[in-house]
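Visitor: My request is simple: use the sequences and hints to build the entire structure.
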Amino acid sequence: LAKTTQPISMDSYEGQEVNITCSHNNIATNDYITWYQQFPSQGPRFIIQGYKTKVTNEVASLFIPADRKSSTLSLPRVSLSDTAVYYCLVGDGWAAGNKLTFGGGTRVLVKP
Amino acid sequence: NAGVTQTPKFRILKIGQSMTLQCTQDMNHNYMYWYRQDPGMGLKLIYYSVGAGITDKGEVPNGYNVSRSTTEDFPLRLELAAPSQTSVYFCASSYSLGVVDTEAFFGQGTRLTVV
Chain A
1 LAKTTQPISM
11 DSYEGQEVNI
21 TCSHNNIATN
31 DYITWYQQFP
41 SQGPRFIIQG
51 YKTKVTNEVA
61 SLFIPADRKS
71 STLSLPRVSL
81 SDTAVYYCLV
91 GDGWAAGNKL
101 TFGGGTRVLV
111 KP
Chain B
1 NAGVTQTPKF
11 RILKIGQSMT
21 LQCTQDMNHN
31 YMYWYRQDPG
41 MGLKLIYYSV
51 GAGITDKGEV
61 PNGYNVSRST
71 TEDFPLRLEL
81 AAPSQTSVYF
91 CASSYSLGVV
101 DTEAFFGQGT
111 RLTVV
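First to last, the sequence lines map onto chains A and B. The opening residue of the first sequence carries number 1 in my numbering; numbering runs sequentially from there. The opening residue of the second sequence carries number 1 in my numbering; numbering runs sequentially from there.
No lab work stands behind these hints, which were simulated from the structure alone. Do not rely on the hints blindly, as some may be mistaken.
[As the list claims (entries may be wrong)] Below, a list of computed lysine-lysine pairs in the PhoX-like style, where the Cα atoms sit at most 25 Å apart:
1. Lys52(A) / Lys3(A)
2. Lys3(A) / Lys44(B)
3. Lys44(B) / Lys14(B)
4. Lys14(B) / Lys3(A)
5. Lys54(A) / Lys3(A)
6. Lys69(A) / Lys44(B)
7. Lys54(A) / Lys69(A)
8. Lys44(B) / Lys9(B)
9. Lys9(B) / Lys57(B)
Guide: Given below as structure tokens:
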């Protein structure tokens, strides 16, 4: 399993863009990068997944450089309700046995 | 679709008691997981299952047991509860295509206190 490293916490203000970078230096060829969001007292929720370049959905964008050794989750114009913990996961269904291993995540606090 | 349903939502156990945390999903997912989350920490995988009749250990399986007799249900059994098992427990499910980890859906959690 590729090991991931992400900042423990980040503060931001309403209306700003938040970028969270995840390092995964030993990512394997078949690995995908997936981000989950967890609000207090709730289970994690899938945000976005990608393999290379850029992926965008209604919630976030995911930027993956050519070497794939890192990825950046971008949350545009955050609001107070985006305060949550964000987890970066790297894995391949077969190789990882689909174990969905979570690290410590990044705690994002959005201030008024 | 109800998604992933966990029961109970809260439970207080005395040391040495046993209980079963229930988890049911109605999405016909083949993969199911149990996690525990201690205050301020990330999720740790206890057990997972890739299909009915097949289970395997995660990072922290000691003190727990699971079974998967049907696709829908994946109960977690605590035998001889200990204070160290005080935590929030999450059940999740996903449909594996093999090549990629598809979106996993989580239940609302069971908050367990052992006193």
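Visitor: Check each numbered hint from earlier against the structure, then list the numbers of those it violates in ascending order.
Guide: Going through the list in order, the structure violates hint 4 alone and respects the others.
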